[in-house]
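There are 2 protein chains.
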Amino acid sequence: MNNDWKTLTDKMQDGSVLAMSRLITKVENREPGWLNAMQTIYGKIKRTPVIGLTGSPGAGKSTLTNEMTRVLYSMGLSVGIVAIDPSSPFTGGALLGDRLRMTDISTLENVFVRSMATRGAMGGLSVAARDVVKIIDAFGKDIILIETVGVGQDEVEVMRAADLVVVVCVPGQGDGIQAIKAGIMEIADIFVVNKADRDGTDQLAMDLESMQMLIPDKAYKEIPVLKTISTTGKGVKEFVETLFVKLKELRQEKSRQEKRIKEELVELVEKEIERFLINKWDKDGSLEKGVNKIVAGEENPYSIAQDMISSIIK
Amino acid sequence: MNNDWKTLTDKMQDGSVLAMSRLITKVENREPGWLNAMQTIYGKIKRTPVIGLTGSPGAGKSTLTNEMTRVLYSMGLSVGIVAIDPSSPFTGGALLGDRLRMTDISTLENVFVRSMATRGAMGGLSVAARDVVKIIDAFGKDIILIETVGVGQDEVEVMRAADLVVVVCVPGQGDGIQAIKAGIMEIADIFVVNKADRDGTDQLAMDLESMQMLIPDKAYKEIPVLKTISTTGKGVKEFVETLFVKLKELRQEKSRQEKRIKEELVELVEKEIERFLINKWDKDGSLEKGVNKIVAGEENPYSIAQDMISSIIK
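Top line first, the protein sequences correspond to chains B and R.
Heads up: the first sequence runs through residues 0 to 313, numbered per numbering that gives the first Met the number 0.
Heads up: the second sequence runs through residues 0 to 313, numbered per numbering that gives the first Met the number 0.
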């Protein structure tokens, strides 16, 4: 590990938030030496609980994350928040609108907020999220929240970095159906019906209860359905209590831990091979040559792909 | 190429729709010999125009596809339709609700409809869609439509298999913002405001016009905004006419063709390497061993990943 990395990891261990932020950026950018640095960091982690919060846009996830953080803070816990923002197609950067509301908690002592954009994560979004989580863990936070804005495949993927997934729904959005479509249902460990002062709250809660019966491989466990009004804080404390009970339960499931580690390992290997390929093609121009042959009608993509693969794989 | 594949490709060339369907299934399942079969099929393609239709749920894409098919049919064109259905989390299969409406066109002579589920595509959804498109092309259809149900990353990806992408919007759904979030805006070549008898049609059309000004790399070209009422067929003929004009324009852009072929090649290689890895791990158990070491705390994922990569890559 070169000096730069060593200085940063040392400083982070001494409690420097700035060093942690820089480390995250360097790892996100896959700067040379990142794999070694992550090995060092991995040695420091304490497997801090990681809570994922997802749900449809407008469900009030940011406000709920805010209120939840206040409750955790009042319990004396230090909190790390990873906020996944959809990328703007115009700038490539994150759309920060929803984050404005988070400024009030980010000024709390012991609360660290980090934004990540859904696009451009060098090693894939879930890999990147796992890296950030490990760095925050090694820094010493007591609990980490990952909050997403959308409900697409990106969000489902990033939730793989969490120990426990909270799906936030809201009455009157046809969330039940939306949740099924996006595959969110399968990853839920807790349902929260937010904005629970609205009409349709009880109906939605009942729908979420009854839908569970339809999922064969979730039949063995019950997914709690809780109600909150995050703007007033109502129900948030009860939600956090349930969360800790559920978390303890889930962390005892060995098969679940193994599955997560397996997914992580597969993604790490695949994304690194992808990066290797992109670098190789950049250098030797073999991709361009292949494309030109196909455009010229001299070769077909399938035979070119076969040649490329046998030139790479042992 | 073994006999099975040869019989099917021969029969398909003789016009057997059943043989085409079976070929698609075999290629989708990556049955041994598929790469060779696709090379043969690639030799028969005529680069039939491929039109992608995407947009938010409830925008009326299925009805529009129906009406569009009628117009194309009345022009004497034979049509292939690839319908991408979101997978059900309960069964793993496609949710066919939206397809019921399509039965009336699938009985038309010269119209071939094939459903594909968003999950479980062995080589990735866009790779799978490109394979199906090539088979239908080699069969001899004059035009191919790919229609999706959702607006997630899956849909954006599958649209890469199209020469021209139509984004279908509908007034009163806040589509403008949704489109930006999902990255749909970037891939649009034509916008259709469907259900154009609703309030807010003109506003939405104007929003779609003005939003284009904000996209830097699309500044050079104009994205037409058309209005249709697919339930009555109003505006569909004009839409199809614009579509052919735009298609001709886009197909003359060499850089666009190269980009598509490049993407295709990269995905083919990456997905085949992925399949290679999965097979290897199944056989030698190296993934399981790695996971066990991490679970036991003997090793970290980053060093295991590094070892795995160097055992695979030349």
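Keep in mind that a hint or two might mislead.
Copies of the same chain look alike in the list, so a pair counts if it works inside one copy or between any two.
Capping the alpha-carbon separation at 25 Å, the derived lysine-lysine pairs in DSS-like fashion look like this [said to hold, decoys possible]: (1) Lys236 with Lys226; (2) Lys288 with Lys226; (3) Lys245 with Lys226; (4) Lys233 with Lys10; (5) Lys288 with Lys233; (6) Lys247 with Lys292; (7) Lys261 with Lys5; (8) Lys236 with Lys247; (9) Lys258 with Lys25; (10) Lys247 with Lys279; (11) Lys313 with Lys279; (12) Lys270 with Lys292; (13) Lys261 with Lys282; (14) Lys282 with Lys45.
Hint data in this document are derived by calculation from the structure and do not stem from the laboratory.
**OP:** Compare the structure with the hints numbered earlier in the document and write down the numbers of the violated ones, lowest to highest.
**Re:** 2, 4, 5, 7, 9, 10 and 14
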